Structure formats: C-alpha cells, structure tokens
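A.B. asks: Take a look at the letters that make up each chain.
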Amino acid sequence: MRQLIYLAVALLLIVTIAYAKDDEDQVTYSDFTLNIGDRIDIGDYRAELIEIQSVKDGIAVMRISKVNGALDEQRAFLQNSANNFQGGSDSGGITITVTDIFDDQSAKVRVEYKESLGTAKKRTSERPAAMLNVPILSVQKSFDKNHISVGDEVKVTITVKNIGTGRAQDIKAEDLPPLPEFSYVVGYPPKIKDALDPGESDSAVYVMNAVKEGSIRVPAIQVSYTDSKKNVKSNNSEPFNILINPKSKANLILTLRPSGPITVDGKGMLNVSLSNQGEASATKVKVEGDIKPSDGLVATGLDKSFFEILPGMKENYSIELSGKKPGNYTVTLRSSFFGGDGAMIQEGRTEVVVLDREYKYLYLLLIIPVIIIVAWMYKRYREYKY
Amino acid sequence: MLNVLMLGVGQCGNRILDAINKEAFGGGGASKLAKYYLRPKFPSRVETLAINTAINDLKELKFTTAKDRLHVPNLHGVGANRNVGKQAFMDNRDVIMGEIEKRGDFDVAFVITSTSGGTGSSFSPLLINELKRQYRNITVITIAVLPFREEGSIYLQNAAFSMRELMDVEAEGIILADNQYMKRFSGDIASAYDKINSMIAQRLLFLIESLDSEMLSVTDLGDFKTVMNGGLRIGTLGFYKADRKNPSVKDAIENSLKPGNLLYPANVTDDAARAMIIVQGSREHLDVDEITKEMEKLSSCAGHVFKGIVVKKGHPKVLSIFTLASAPELEAIYAQAARAMQDEKEKRVRARKQLDDAFAHIEDLEEIY
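Chains as they are written, first to last, in my numbering: chain A, 1 to 386; chain B, 1001 to 1369.
Any given hint could turn out to be false.
What the hints assert, rightly or not - Covered stretches of chain B (chain A as the covering partner; in silico rule of three or more C-beta atoms under 8 Å from a C-beta of chain A): (1) 1032-1042; (2) 1048-1061; (3) 1066-1074.
Honestly, the hints are just simulated from the structure, not real lab data.
Computed from a predicted model, the values in this text were never measured in an experiment.
Just so you know, even glycine gets a beta-carbon here, dropped at the ideal spot from N, CA and C.
Just chain A, same shape as in the assembly (with noise of 0.2 Å):
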C-alpha cells in the first residue's frame, strides 16, 4: 500500500511537471493602433498597416512578412475577422485581427502569438504621412434675417465647401423636412454641384415664406458625398432655433396741428405729419384732404405722397392755409397706403378757425386824439391857470 501511495504521488509529480513545461509556451495576444507604414514586430514576423481599403466596409490591408524571407504576404483583412499565418498561434505562427478602422489612416490590430516569440513591438513607420485624397465638406445653413414675421420672404442659404484634400463626389443635399411653418416660394429643394474640388465651394438660395407663427426648430441640412474611394460620407449643419412673430403691419397716425387761427386774408401753416408706428413700412402712401366748408378757407399742397415710409420713421409736411370767410372749417386727411396687410387708410381732422378781420389797436384811433387833446387841453389849462 505504501508503494502505491509513493507511486500515486510520483505519478502526480510527473503529471504535474509535464503541464508545468507545457505552460511555458502559451498564446498571448497584444493590441496596436497602427498608422498607414506602422508594424509590430514579433519575433521575426512583420506586420505592416498597408492601407484603410474601406472604412464603411471595414477592410484593411497588410503586409505580413518573416526575415528569413519564408513569409511574404500582402492581405485584405476584414474587420474582425482572424487571419492565421504559419498556422496561427496554437501552430507557432501568428494570428492578426484588424479590430477597428478608425479612418482612413488607422487602424487597431491584434496579434495573438505565442510567448516564446518573444514580446511584439510597435516600430512606426519614419515615412512621411502621405498626403491623402480625403474629401471633407463642410455645411452651413443660414436665413437671411433674424427677425421674422408672418409673411415675411425669408431667403435661406445653403452653403458647401470642400475644406479636406480629396475630390467630393455624388454630393446630396438633404434639407428635410420641408417646415410646415414656411410656404416654400423657389429654388427648393436646394440643388448643390455634384462634386467639389479641394477648396471649392458652392451655395443655394431658396426662398419661403413664413405663414405661421411660432417658435422652430430649423433642421440641419445634411450633405453626403463619397471620397475618391468611394467611401461614403456625410456632414451636416447645426440646426438652430428661430421665432416667427404674427404678422407685421404697418400703423400709419396722421396728426394735424394748424398754426393757429387765421384772419381774413390771412394766411396761416397747417402742419401734417405721418408717423408710422407699426411694424411693417407702409407704401404706396397717398395723402388726400378736403376742407368743409369748401369755400371760405383755401389750402395749398393739401395732397402729397410717399413711396414709402419705414416703421419708426416719421413724414412731415406742411400746407399753406389762406382765410376768405370767417368761420369753423374742419380740415380731413386721408393717407391710403399699403401696409403690410394689404391697402389700409388712415384717417385726421382738425379744425382750423377764420377770424373776422382784427383791427387791432383800431381804438388807438381814437385814445391817441383824445389823449392828445387832453395833454393840449391840460397844457393850456396850465398856461392860463394863475
């Protein structure tokens, strides 16, 4: 029995020991992001990023390659998807996944090996970058006023620029969804070149119409455009916020202030003036007056107009007034204009009043005499006074 138990144990020594020496040589694994012209060294395997062959597609290419020249191979690699060289890692070889295309440039890489190759190394490339055709379009949306009120024409600009080295090609423009806040007037959908050069440029204009009210959300536009690869790609611009308000019009007050009363004969100043205090300008603005009673008082330049006359701004005129009859004349002004919502008139009155012919200082006629006549009077009352 005892023998047996040594045997056991010198049966468990030797099993144990035998895996011990089979553990030494194990895989391993270890991740690089690799540029175009990087490799990882291991042992005397080489691995080298060639080129992104696809982002979208996620194949990469590269070289693996062995001093002894016993390995030489340049391959497409499908992201994660394992390649074994000399039989892979459990054979002594190697096995390399391409985990992750980053872009056009760079990749992450791992190799599984085995330990005994000793540790993989990174050894980047000392090659310039080569200057690559890679197409980036920037995208801009913009409107042409920052204030908008119902009914207002609004121009929106689309603009595109090739800002990266490559040709964009198959460029679309996307601005959707037409905003049910708008009426969309011309030149949508908005149509851009279908390719651009590095550096270059286009734009297009469409015009809308606000017709409601209210707070939106302006969507970004989205351009998409493949490289010279034909790798697909896409950009957009910054949707922004913006608010239609109701509907401006234009609020055109008429004010009248005469001079004065006027006598007869008399001539005096009627002046006018058309202020606008709405929102909208207000054109097309005609002035037409007429004066009750007809006769009696007689008014020059009672008619006037104005192309146009801007929110805030004001228009003053004045017209001659010439008294014939004594009397209450009552002086109306009306200005038809287009403002905004259509022709709208606005309506002023005033009453002008002709005096009856002012004889002033008439009874001087009268005091200066009998003054005089008095001083005299009192002047000789004096002279004989004793």
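With chain A's structure known, arrange chain B on it following the hints.
C.D. replies: For chain B alone, kept in the frame of chain A given last:
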C-alpha cells in the same frame, strides 16, 4: 409888422386886456373853452401884460396866460391909495420893467388903465415915464377909463389927479373911455363892464390891424401919432359896423362919429381937433368918392382928417379916432371931484370935531380900577 405892447394896469386895465385877449380868440363869439383849443390871433406881434398889486384881480382873468400876469407884491392891492401905489411901483420898478423887457422891443405901447383905481391910476404915469425912458422911439398911448360918477369921492379924486399926471407925462396921447357914458349900453353894472371892455378891445384890435395892413389909402403909425398929438392930446374912438340892411359906407362913417358909438361923450363937429377915419370892407362897398366926401365934410370941422381904407371881405366897418380941442366933460369931472374932495374934507373936520368933543368929556379924568 408892428410890435405892439399892451399893458393892462390895475383891475380895470387887466379886465380890458383880458377882453382884448378874448377878442383875439374870436371876440364875443368865442366860448370860454376857446383858449383850450385855439391860439390867440392878433393882427400884429402883440405882447400883453397884466400888472396888478391885487392877486385876486389877476386870478379873475380868463383869457390871459399866466405868464402874462404880473403880480406886484403889495399885500392885496393898494386900497385905492395912489401914494401907496406909487411907492409900490417904485419898489418894484425893476421887476415890472424887467418883465416888459423880456418881451422884446416895441413900436407902440398901449397902457390901459382906470383913472380912478389905486394901482392903475398910480402906476400908469410912472410906468409911461419908464417906458419912454427905456424905449426911445416907442409910441405910448394911454387908454384911460373914467369912473362911474357915483363910485365915490376917492375914485373921483383919483381920476382927477391921475388924469393930470397922465397929461403931464410924455405919452403921445390919451384915449378916453367913460364908464359913466357907456353904462347906458347895459342894464346892470356887471354886464356894462363886460360890454365896455369888449368895445374897447374890439376898437383897439381894429386899430392895430388897420395900422399894420396894406391899405388902399394909407395911414400908419406916424399918422396915428399926429392925430393923437392934436388938440389936448386927449381923444376917443368911435366905431360902426354896417350890416346887410344898410351896407352904405357913407352911413357907416357918419354913424361911427355919432355920440352913441363913441367911448367918451364928445361932439365931433365942435370938439374934434384932428381925426383919423379907417374904413374896412369889401371892395364893392368901398366907394372912394363917398368916403372922400365924408372926409372932406369932417375936415371942415376937424382940423385934419387922415383917411385909411382897408380892403377886406365884409360889410364896411369904420373906426374913427379923433383928438379933442376941448373936453367939457372932463371939467365937469374935475368940478365934481373937487366938490367931493371938499365934502370929504369937511366931513373929516366935522367928525374930528365931534370926536374931540367926545374926548373932552373924559379930559382931566383918570382910569379907575
């Protein structure tokens, strides 16, 4: 143009001077207010000065300016005392003459005075002497007014002595106006005075106007002096204004010489020594032949008659000036004055005797208390 000085001395002289000023405003038709709106219109350059010792008399004047009123300070008048009056004149001679001198140089001066009052009768002879002494070539005519006879003995006495003194001074003559004679023109004394004053004023202004006018037949200041030097150098004025009913110049001349139109009672036919007849009127009324005939008729009784014809629109107006060869009325005044003075003297003696007799009762008696 004649430079005429008119001096009204004493109350009577002042009133006549005031009437002259009133006449210059348009005469009797002028209202009391005329002086307030009219200028006096004298025919020549006439300066007037009213002189009086009684300030109240000066205040009574209505048409004489204040600057033409000279008050000679002697309380309130001289009380009809000619001696006091003479002393007052001598005391204030420089003031009086200075006031006259201020008015410039003169060709003729009329000294208008009453012969009976205090100031006028005493000032006038002295004033005339001063005028003659100060103005070598001046013609001085005295307008002397004789009093109502019933005014009292002092007035008669004053008139008698004043007339004598006026006769003695070197004036060219005296024109007499007799209140007693003219009071018949009006019922009451006050209106008689006004009437007399107005008549004298009218005649004097007519005279001045005529002497200073362009005449058809010339008379001038020299002729006037000659007339006034005739006879007793005492004369008077007659005046007549024809009307539409009788515009005859012949009748006008005759009427101007009638006693009713004279200032002093005289019989021209008997008493006139020299005369001057000034006729004024429209040419159609001035028949020179008739005027000449009337002059010739007058010349037959008066020694010499000067004739002046002034053509001026209107009915004939005639002013007759004549000096007297005799003045019987004056003699009557002097006789009456003498009697009054004698009576006064006797009354005074009798009164003194009565008083002395009364005093005799208490002679040899002492006051007992």
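A.B. asks: Evaluate each hint against the coordinates.
C.D. replies: Results of checking the hints against the structure:
1. 1032-1042: holds (count 3)
2. 1048-1061: holds (count 3)
3. 1066-1074: holds (count 3)
The structure shown violates none of the earlier numbered hints.
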